[in-house]
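Asker: Residues per chain are reported as follows:
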Amino acid sequence: MKKTEDILERLKGQMPQVPDGDLLTENIMQAITGAAAKPGRIVPLWLNVLRVVSSVAAVFLIALLIGLKGPDAELSENVALVDNAEQIYRPMATDVNSAIRIMETRSEKRKARQIRQTQIKNLYAKF
Amino acid sequence: MMEIDSEIIERCRRGETGAFRAVVESFQPMIYSLSVKMLADEEEAKDIVQDTFIKAWQSFSSYDGRYSLSTWLYTIASRLCIDRIRKQRFSEPMNDDIAVFEGYASDSSPDRQLESREWVSIIKVLAQNLSKKQRLVFTLSQLEGLDTEEIIRITGMDATQIKSNLSLAKKSVREQLIKLGYEKD
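So the protein sequences, as listed, match chains A and B.
First residue of the first sequence? That's 1 in this note's numbering, and the numbers climb one at a time after it.
First residue of the second sequence? That's 128 in this note's numbering, and the numbers climb one at a time after it.
Because the hints were derived from the structure by calculation, they are not lab data.
You can trust all of the hints, since none of them are fake.
Some residues of chain A that are not near chain B, with every Cβ distance over 10 Å (derived): (1) N48; (2) S55; (3) F60; (4) S98; (5) R110.
Taking beta-carbon pairs under 10 Å as the criterion, some of the chain B residues facing chain A (in silico): (6) M157; (7) Y159; (8) A232; (9) P237; (10) S243; (11) R244.
Each residue gets a CB set at the ideal place from its N, CA and C atoms; glycine is no exception.
Turn these sequences into a full structure, and let the hints steer you where they fit.
Answerer: Take a look at the structure:
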């Protein structure tokens, strides 16, 4: 039997043939000419920083715009909608009794609207 | 270690694919040799060769001309091999692998060149119990025949780490050979 060192020494520096070496070379050349015609350039650090900062600024601006349009604007829109609805469907009085009923109804509606607005304000105040 | 004309390197830096083809053709056997000995798998080794040259092309601008191109390519390939080893488990050597090894060990002709598939079998037999670092140092030093300075540049280990990993690797390989019935030195 041979000694282990002899076996290891014989293995040293031997280089196996590449199976289909030409095909492998072509694959490599296709990969580099297809995806990138030029060697990759190192992107400067300042450019990466600029990209991050501009992204953060864009997100901040969008958040700011949404915030400005937020609770108060929505509340005003809701109140305006209720007022418009009442104006559109306001009934006409034909005699004294019906005029009194209509006034009572309006008074109740006004109270209800005030309560509703207070509720909406309280709701938004929670947020 | 294999070297290449500095003019070809400059042309590669300028992005000339024709010059890079010369690099691929010159260094492909070297990178394949390292990869097949590290991974004991011909197809995986070819993948590493391809990935190494693509990575080299993409980052040619970062190549430090003070060191040889072969060292730089060996470094890229070594890292890719280590990454691949982290993700895969080595298969145990089969009877066929042991038969290939015994055939080589009993062959008296000193200049016998091994086929790629024979290398796969021999590595499976010899290096099955080696850690990643031991395998890398053993391959670069014992099988590729590189000197310690070169291995330091490629692996980033210091001389002491290289010495201890190589010593442990050789011990493991010897134990493996003794198990198979080969004489201790």
